[in-house]
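Undergrad: We have chain U; now place chain V onto it with these hints.
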Amino acid sequence: EAGVAQSPRYKIIEKRQSVAFWCNPISGHATLYWYQQILGQGPKLLIQFQNNGVVDDSQLPKDRFSAERLKGVDSTLKIQPAKLEDSAVYLCASSLADEQFFGPGTRLTVL
Amino acid sequence: GENVEQHPSTLSVQEGDSAVIKCTYSDSASNYFPWYKQELGKRPQLIIDIRSNVGEKKDQRIAVTLNKTAKHFSLHITETQPEDSAVYFCAAIYTGGGNKLTFGTGTQLKVEL
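Here the protein sequences line up with chains U and V, keeping their order. Letter by letter, the first sequence follows residues -10 to 100 in the numbering used here. Letter by letter, the second sequence follows residues 1489 to 1601 in the numbering used here.
Derived by calculation from the structure, the hints in this document are not laboratory data. Note that the structure is predicted; figures quoted are calculated from it, not measured. You may find that some hints are simply not true.
As the list claims (entries may be wrong) - Stretch-level coverage of chain V by chain U, calculated; a stretch enters the list once three of its residues show a Cβ under 8 Å from a Cβ in chain U:
1. 1498 to 1504
2. 1571 to 1584
3. 1592 to 1599
Unchecked claim - Derived PhoX-like pairs: lysine-lysine, alpha-carbon spacing no greater than 25 Å straight-line:
4. U:K0 x V:K1530
5. U:K67 x V:K1530
6. V:K1546 x V:K1556
7. V:K1559 x U:K33
Here a beta-carbon is modelled for each residue, glycine too, at the ideal position from N, C-alpha and C.
Just chain U, same shape as in the assembly (with noise of 0.2 Å):
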């Protein structure tokens, strides 16, 4: 089966800018997750949705960033505006049970 999908694979951007990540989950994944990984840590999770609903955002900046599931598919995540500490690899996954399946990544660089 096809696996997560996530573009763009990379992105630079300047502090202030707005950038936008988005993932295509494994079909028929009723849940799906976004992940922060900052450079030698462990993921963090922002936020999860189950179908288009919003399951735990309580790490996500909400001042700056947000997400969105619409028809309960494909998923983006913004960033606006974008600050240094936001330079970091996000991932997303989605899960039809336990085990979630993680995308390639986007690398984001904020200078």
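TA: This is chain V only, laid out in the frame that chain U set:
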């Protein structure tokens, strides 16, 4: 919320030796413990997992043990090979509470020839 601690942060072994990575968790309700391997620049991939109703699970050269009383679990890799070199993450989750994975801080394993 859940807190997962992982040790050591770096581990260097000779090819053929065993490697052990240990994790502790704080939430006694956690009932699913996956281990992920992440090679440089690549996505985390599940290598083995264990549920709270099992004390040990083995898959070829990889095994995981769980001590619910002490709230710790460990990854054991035997007969290590150079391709085992990667960052390994443990994680804990309470599957009845929304499937929120909490990851450890990672262990950089280097298998030397």
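Undergrad: Each of the hints needs a verdict: does it hold here or not?
TA: How the hints compare with the structure:
Figure legend: the stretch 1498 to 1504 of chain V, annotated as covered by chain U; annotation inconsistent (0 residues with Cβ-Cβ distances under 8 Å, at least 3 required). For the stretch 1571 to 1584 of chain V, the proposed coverage by chain U is satisfied: 4 residues have a C-beta within less than 8 Å of a C-beta in that chain, meeting the threshold of three. Counting residues of the stretch 1592 to 1599 of chain V whose beta carbon lies closer than 8 Å to any beta carbon of chain U gives 3, which meets the minimum of three for the stated coverage. The hinted pair formed by U:K0 and V:K1530 meets the criterion: a straight-line CA distance of about 16 Å does not exceed 25 Å.
With a C-alpha separation of about 22 Å, the suggested pairing of U:K67 with V:K1530 holds against the 25 Å cut-off. With a C-alpha separation of about 18 Å, the suggested pairing of V:K1546 with V:K1556 holds against the 25 Å cut-off. Pair hint V:K1559 plus U:K33 holds up; C-alpha atoms about 21 Å apart against a cutoff of 25 Å.
Figure legend: structure checked against the earlier numbered hints; the only hint not met is number 1.
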